[in-house]
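Participant: Work the whole structure out from these sequences, hints included.
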Amino acid sequence: MSPTTARQIGDDLLRPLLHTSWRFYLVVALLGGIVASGLGAWAYQVYQGFGVTGIRWPTYWGFYVTNFVFWIGISHAGTLISAILRLVNARWRRPVTRCAEVITVFALMIGAMFPIIHLGRPWLFFWLIPYPSERQIWPNFRSPLVWDFFAINTYLAGSLLFLLLPLIPDFALVRDRTTGWRRKIYGVLALGWQGTTKQWHRLESAMQIMAIAIIPVALSVHTVVSFDFSMAPVPMWHSTIFGPYFVAGAIFSGIAALIIAMAFLRRFLHLEDYLHPVHFENLGKLLLMMSLLWTYFIFAERLTVWYGNEPSEMAVFWATQRGEFAPLFWTMIVCNFVIPFPILSLRRLRTIAGTVVASFTVLVGMWLERFLIIVPSLSHKQLPYSWGVYRPRPVEIIITIATFAAMALLYVLFSKVVPIISIWELKVGGQSMPVVTPKEEREADGLWRARP
Amino acid sequence: MAVDLDRCTGCEACVTACHAENNIPTVGDTQAARGRALHWMRVERYWEGEFPDVRLKFRPVMCQQCDAAPCEPVCPTYAAHHTDEGLNAQVYNRCIGTRYCANACPYNVRFFNFFNPSWDKPLHLQLNPDVSVREVGVMEKCTFCVQRIKAAEVQAKAEDRSLKDGELKPACAQACPATALVFGDLNDPESEVSRLSRSPRGTKLLDDQGTQPKVTYLQRQSSE
Amino acid sequence: MDRREFLKASAITGASATLAGCGHPEHQLIRFIPEEELVPGVATWKPSICPLCPAGCGLLVRVMEGDAEVVRNGQIGLIKMGLAKKLEGNPAHPISQGKLCVRGQAAIQITYHPDRLRHPLKRTGPRGAGAFQEVTWDQAIDELASKVGALAEANNQGALAFWMRPSRGQRRELVAQFLHRFGAPPPFSFELFGEDVLRRANALSFGREQLPTFDLARTRYVISFGADFLGTWNSPVSQNIGYGLMRQGRPGQRAKLVQLEPRMSQTGANADEWLPIRPGTEGVLALGLAHVILNGRMRSADAAGRAGTLVDGWMNGLPDFTLPHVETLTGIAAARVERIARELAESAPAVAIIGGAPLAQTNGLFHALAVNALNALVGSVETPGGVFFTPIPNASSKPDAAGERERRRQSAAPTLDKLAAGILSAERPPIQILLLDEANPVFAAPPAWRVKDALQKIPFIASFGNFLDETSILADLILPDHSFLESWVDDVPEAGTTMAVASVAPPVMKALHQTRAMPDVLLDVARRLPRLNPPLPWQTFEQMLRASFEALPARAAPQTTPGVQPAVDVWSKAQEQGGWWAETPAGTRPPPNVATRDPGRPVSFVAARFDGETNEYPFHFLPYASQAFLDGSLAHLPWLQELPDVVTTAMWSSWAEINPKTAERLQIAQGNVVEIASRHGSLRAPVLLSPGIAPDVIAMPVGQGHEHYTRYATGRGANPISLLAPIVEEETGALAWAATRVRVSRVVGADLQLILFAGALRERPHEHEGR
Ligand code: SF4
Ligand code: SF4
Ligand code: SF4
Ligand code: SF4
Ligand code: SF4
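Protein chains in written order, with our numbering: chain H, 1 to 452; chain L, 1001 to 1224; chain Y, 2001 to 2771.
Read the hints as simulated data drawn from the structure, not as lab findings.
Glycine included, each C-beta is placed from N, C-alpha and C at the ideal position.
Mixed in with the good hints, there may be bad ones.
Just some of the chain L residues that point at chain H, by a computed CB distance under 8 Å [what the hints assert, rightly or not]:
id, residue
1, Arg1034
2, Tyr1046
3, Pro1070
4, Pro1073
5, Asn1103
6, Tyr1107
7, Phe1115
8, Ser1118
Once the Cα atoms are required to be at most 16 Å apart in a straight line, the calculated EDC-like pairs of lysine to aspartate or glutamate come out as [claimed, not checked]:
id, chain 1, residue 1, chain 2, residue 2
9, L, Lys1121, Y, Asp2067
10, L, Lys1121, Y, Asp2115
11, L, Lys1150, L, Asp1160
12, H, Lys427, H, Asp273
13, Y, Lys2661, L, Glu1050
Facilitator: Listed below in structure tokens is the structure:
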């Protein structure tokens, strides 16, 4: 089976949309069940009061904010990576970008839920929105939480656009290949795409503009998320390093999430012909770079704290280095560096399996990293009398698990209704190429030759 | 407010007085074990040295009513805000429960209502009608007994005079048997609290945090 | 109460009004008559008296209008009434001077306690099972009167006993008069942390059978032997007020505080010098100090007067108390003893205080007499900055009060252990009817005294208490009292001021429940008894109070001419300000209330005896009055349960304090559960590591471990009294509650929670980290 014909590409990539196996229903039911229990847990929390969580004085932020930062971090997989790859016109990107962009949108949606789940009075979340109200006050624009609101919504809107724009030709394709109600729906989604030169030209320019615009937005999002912490005088939060540190961590975990998503798609949607080891290899290299960068950041952060020897910071420092949080801290180091580093730096191990293993540990490590930024600091603030430990309770654990299930579920459903690999881009990449540099040509050849 | 640590005996009358005045609920053993007890006023204790040359030091800690309060800018809804009089006010109705302010407060004096408060009847008959009861999901903290301040101001205004120094006391200072807590107007240089704040023993708690707290701690002296 | 409940309750009220209104106009509803002086939203302040401890602080109660759900004649209704909202100190009152302690602040929860007894009860099930049925007041009083009357019929008046909590004033006087006229023994009190040893010592040394008052505000040096005078001991509020003044009340002058005790108390925490003295040797140290002062010729031996002569060897300069010997016995370095002695002698006015555990040793009286002699030696008795004895006003309307007191003294008051043993050994118990008024000896007495078994043998027990506790649950009949805010209260403080004080206050609010004031019930019972001779002259307790206060002089004057009408209305004034008080000019205070009598043989040091062999029971066991619950009688108040103990920060739990080194040796960590066992019992508690306790001492706060004491205290924690040996102070027979030895072992797998408010023990936990 060769994907070199446009017809074949279309057939392969549209197969999941048109044929549904029982496995799909099973997976959806399973994931749906977990998500439903998460929603149930949230309802229980709202009904009973926030006290059913493990949050306490003085550790007022815990799993929910960890998940928030984690998922917003994951969201950097997509749009940011895809935009960079688009801008540098890396040709191997073509089968990857859409899987990545989807991650962004869903991770953002899930991440953005957490500030609401985490509210003491979630029914009043809309007070964060500036709207004219009888209270006659705007939200406090000095609050990083309000910045979050804007940053995340901007990023979400941008990412949606970034995802949807290149979907238009593919929707048109589906429209043309289907009949009945599907045709109608995809017809609407295709926004009247006819494939005229003018349309192609406009699409290309729009993508170019979006790719440039979305990068600062993405960087700013996690910088702003880091500001939630670094703006507060909490030991080991009040740090200038947090902006880049958070962004690096976000891209790090984002790539890991992307690798895992691709591996799943490749396996379960039989896309071996489109997602090649070279994709994993290249993403693996990126992951390696981020692992080194992340390790550098955490080293720099720890070193300066230790050297500075500020008493309240040292309390947090020791709690994580060798106190009650040490097991988690060293697990994080193992997960983010000790395991991925050899796997990703040895070409022999940088296989699909290798990168997937490394990505899994990175996800675990990065989740722990978010947790270790939040909890040890809050439980060891300036006055030792007020120290306290945090133990998550079932509600938080269920909701946390449910968000992973929600991510998977959204992904499964999405790949059911939308070609998860950009068909037209592949076609463009595989056949006629509007702009081809000699370097790209060589890459393309290598790409197709690397096929097993 | 000035806190004379040389007078404070750790008797905790202030703690219960604050509960009685401000409708602070008790949460019970299970929730207390989970860190949900609310004590707007707490008497910190720190051990120094080793047996037998060991000392214990007490320090009452309540909201320091910071002039540069880090809890205020982070609040997205202005529930924590600065009043014209310089108090750090907490508007319960406006709070949506992000708990961000509590993270930002270096003194950890902000307490969250993890559940709707309840009083086994008829304990609720004791509630002070001048102070609202806070619902679930809302942050609360020492207000410097703002209800007493307001009442005294209204009274003084009705009598067409200005407030006298010492005329009004928050519940904790009222109760404190050793007179370790002294409340007054810092804007009046003649007031007792102003005088104490200028004491050479005076320090501010976590002064290095730049919060500009309005509470002065007068250090314990030694007769050695 | 929220609006919905209000509507519901109003609906019920309305509906039953319609129903009741039809046929039976006499079954009227609670009428909605607002109290006249109340303006909605406006507070009034009324005086009252804190009933929680013998200090007797004067209160001001903030009263505001509110809606209370009440039951009257079986009908529920809402009533607008004045409700107490907050307790504060009464600024005019000489003891509290406008202040209150943490317990006093919480006292308001007694009135509104959800588990208060709301109406008379009669036992239905077996004794102690807690099964009661509601009866009417008429039934209850009839039953009590007929039981007591039957005793008189049988000419067995001596078999009526009345056990009440220690108190002074007219409430106790009324009980005493009733018993006296009936022919029964005087009221009996037992308190775990009773002060009989100190009273006896003061009677012997100074002729005052009374607790001392300390003029801390003017002193320059305080040495305290185990007295937690800032926490729970004697008159804590007035002592805290004095302490504040002694530290920072005089510009440039700051008194020094030295505290001797094996476990750092709240007072120890405030000391400039804290010395963990070996338990049972406090008097040795006091005499060691006296030895230095006498032999350094800083004072002459006869400066101590009678207090000195009571100590063996005093006039010879206490040759048995040389510094090396004192160091061996007490564990305090000789050089230190010498320095402190010099400081003490040079820092006049100075004062020595003894209280708490030292007096609860087998040789407690010796320690007290030694400290009294030391005080007398440095010239601190009845001088500014020293020890005073509060003049007791002659607030007595009783014609035969003096006689009664004399009789009480002569018929050497029995002790609880003897009473219990008497009941247990007799075929027919010498007590046939026991009346209980807020006394809980079943909780507060060592198990070996078998108080509960003894009570089980008494045929009829009636209790006036507000709550069901370990003792009142044994009652056959319960006639619940009003809370202190709902009734006339009075008190005559024994210590805490140099003024003569008699406190009194009318009810602050109407009764919430169908309770009745004990004194009025007693008067009612008395009226139904045919053979009270002579009958009590008052119809109500108020009348009795009025009579007693009208007998007080209008102004404090050394000699009030008898028969001259007071210039002001003492009674109205007393009600208004919460009592009567007068400064008695120095030199004209009343003569000692104990006749000078032969002090008997001088005391000398006999080593304290402890129950339990040292090798088998290696630790001294030190129960102490908890900051929150005192002797356990306040464990039912939720504010106090949730109060973080100031030293340990524990809430809602029991704990055992152990030195970290000891714990390390025994491989016990913070929060581990240990079993503490004496020869008489064992208990389990989580461990709290405390740097401020001697390595051979285990301390536990008293207060928790109630079997029956409302929803907040029942079944919570462990009761350290259950370990105590039935060992007594040898001279007075008072329980030596600090003389039990215990052993400790770790219990694996036990799940007892230690609930702490604080996180870290130290302010700079990482100060000494290597870098
Ligand atoms: S002490 Fe804390 S809560 Fe109070 S004003 Fe300062 S920062 Fe805000
Ligand atoms: S918890 Fe309430 S007061 Fe605090 S920051 Fe959030 S909204 Fe503001
Ligand atoms: S000032 Fe008022 S609110 Fe603040 S601690 Fe004191 S009593 Fe509580
Ligand atoms: S009431 Fe006064 S003396 Fe007592 S703990 Fe509070 S501040 Fe200290
Ligand atoms: S010392 Fe405390 S408990 Fe005792 S009477 Fe005074 S206020 Fe009440």
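Participant: Each hint should be assessed against the structure and marked as holding or not.
Facilitator: Each hint tested on the structure:
1. Arg1034: 5 Å, holds
2. Tyr1046: The hint holds - Tyr1046 (chain L) has a Cβ within 8 Å of chain H, the shortest such distance being about 7 Å.
3. Pro1070: With a minimum Cβ separation of about 5 Å from chain H (threshold 8 Å), the hint on Pro1070 (chain L) holds.
4. Pro1073: 4 Å, holds
5. Asn1103: The hint holds - Asn1103 (chain L) has a Cβ within 8 Å of chain H, the shortest such distance being about 5 Å.
6. Tyr1107: With a minimum Cβ separation of about 6 Å from chain H (threshold 8 Å), the hint on Tyr1107 (chain L) holds.
7. Phe1115: 4 Å, holds
8. Ser1118: Ser1118 (chain L) check fails; min Cβ-Cβ to chain H is 11 Å, beyond 8 Å.
9. L:Lys1121 x Y:Asp2067: With a Cα-Cα distance of about 13 Å, the restraint between Lys1121 (chain L) and Asp2067 (chain Y) holds, given a limit of 16 Å.
10. L:Lys1121 x Y:Asp2115: 9 Å, holds
11. L:Lys1150 x L:Asp1160: 15 Å, holds
12. H:Lys427 x H:Asp273: Roughly 13 Å between the alpha carbons, so the hint for Lys427 (chain H) and Asp273 (chain H) holds.
13. Y:Lys2661 x L:Glu1050: Holds: Lys2661 (chain Y) and Glu1050 (chain L) sit about 10 Å apart, inside 16 Å.
Comparing the model with each numbered hint stated earlier shows that hint 8 is the single one that does not hold.
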